[in-house]
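Quick note, the sequences are listed as chains A and B, same order.
Take 0 as the starting number for the first sequence in numbering that gives the first Met the number 0 and just add one per residue.
Take 0 as the starting number for the second sequence in numbering that gives the first Met the number 0 and just add one per residue.
Where hints are given, some of them may not hold.
[Unchecked claim] Label-pair ranges, simulated between beta-carbon atoms:
no.	chain 1	residue 1	chain 2	residue 2	range
1	A	D55	B	I78	22 to 32 Å
2	B	G109	A	P181	21 to 31 Å
3	A	N121	B	G59	48 to 58 Å
4	A	A106	B	L114	42 to 52 Å
5	A	K97	B	L134	32 to 42 Å
6	B	K60	A	Q91	44 to 54 Å
7	B	L114	A	A50	22 to 32 Å
8	B	L129	A	F79	23 to 33 Å
9	A	A87	B	A79	36 to 46 Å
[As the list claims (entries may be wrong)] Calculated lysine-lysine pairs in the DSS-like style (CA-CA distance at most 30 Å, straight line):
no.	chain 1	residue 1	chain 2	residue 2
10	A	K58	B	K76
11	A	K57	A	K97
12	B	K133	A	K47
13	B	K60	A	K58
14	A	K47	B	K57
15	B	K76	B	K60
16	A	K47	B	K76
17	A	K58	B	K133
18	A	K57	A	K47
19	B	K133	B	K76
20	A	K58	B	K57
21	B	K60	A	K47
22	B	K60	A	K57
23	B	K76	A	K57
24	A	K95	A	K123
25	B	K76	B	K57
26	A	K58	A	K47
[Stated by the list, open to error] Here are some chain B residues pointing at chain A (derived, C-beta under 10 Å):
no.	residue
27	R1
28	G9
29	A22
30	F36
31	G85
32	F88
33	L90
34	L94
35	F125
36	G128
Just so you know, the hints here were simulated from the structure itself, not pulled from any lab data.
Glycine residues also receive a C-beta, built at the ideal position from the N, C-alpha and C atoms.
Below, each chain spelled out in residue letters.
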Amino acid sequence: MELLLDPWPWYIGGPMIALVLFLLLIGGKTFGMSSNLRTLCTLCGANKSAAFFDFDWKKQQWNLLVALGTIIGGYLAAHFLAQDTAVAISSQTIDKLKDLGIDSAGAAYMPTELFDLNHLMNLKTIAILAVGGFLIGFGTRYAGGCTSGHAITGLSNLQLPSLIAVIGFFIGGLLMNHFILPYIL
Amino acid sequence: MRNLYFLAVGILFGITMFKSEAASWFRIYEMFQFDAFHMYGIIGSALVLGVVFTQILKRGKYASIFGSPLQFEDKNKSIARYLIGGSIFGLGWALAGACPGPLFTLLGAGFLPILVVIIAATFGTFVYGLIQDKLPH
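Could you build all of it, start to finish, from the sequences and the hints given here?
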């Protein structure tokens, strides 16, 4: 029970992700979460605006169910499979974040400065979440996949394009983390 | 039955994202600072096993549990779209601290401001669809 309630170490989390990939492959599907954003666009009527969204969304119904399951899984984990959800990040990271004004570092699952409803009225907070989201949605579709589609599925299938995409993920991520975040947090 | 199967796989994935802390903004920040092995351990071990599973399944002539053929997608050859698109996603990943899977996990976990990220990400996908033809691929 302790094992279930405590945060999972990497050597449990990683193999569990591989198990998810395996279950999707033997289910005759591939693993790709960002495709659901395209399906959401189609469901909202985007097929009338661009040919990219003009496809039979029912073929992606299984993936929407995976996404729905992911929401339910998040609910179950947060409410029934956790006691203390504070993330034990390294002490160096805590110090760096406190210097940037993120005082919840080491004491919460998500920075309360960004993910607490009380801060949502703050224009800067909304801007960070909205710009971050836009870049995620635009970038994943441009790159044809995200962490699940490229870093896990594509690399497991030894796809060179996925390696290039993952290098891109880190170019963008390191740029944001080291050269932009310090000025906007 | 099929529907329940994919729902169950999603539940397993959602629990994994939350419990492994891969859905935590803090872990993504820490990863890009190279301050801990945690995220690299998760992605690395998932990948080692993923390569083994994928290569075994690919080499055998297996059918899926629903009888259809297994799917292994060859990605189109290109550099520009993966490097530019990937970098744009990376900027967003490090800013919002979540990739698309955890977006759904965090919504379920009750971090409601993540809805802003989800709506903006859907809009970002929509804008990509609109201007796709004008971008280098």
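### Query
So which of those numbered hints doesn't the model satisfy?
Failing hints, ascending: 4, 8, 11, 14, 21.
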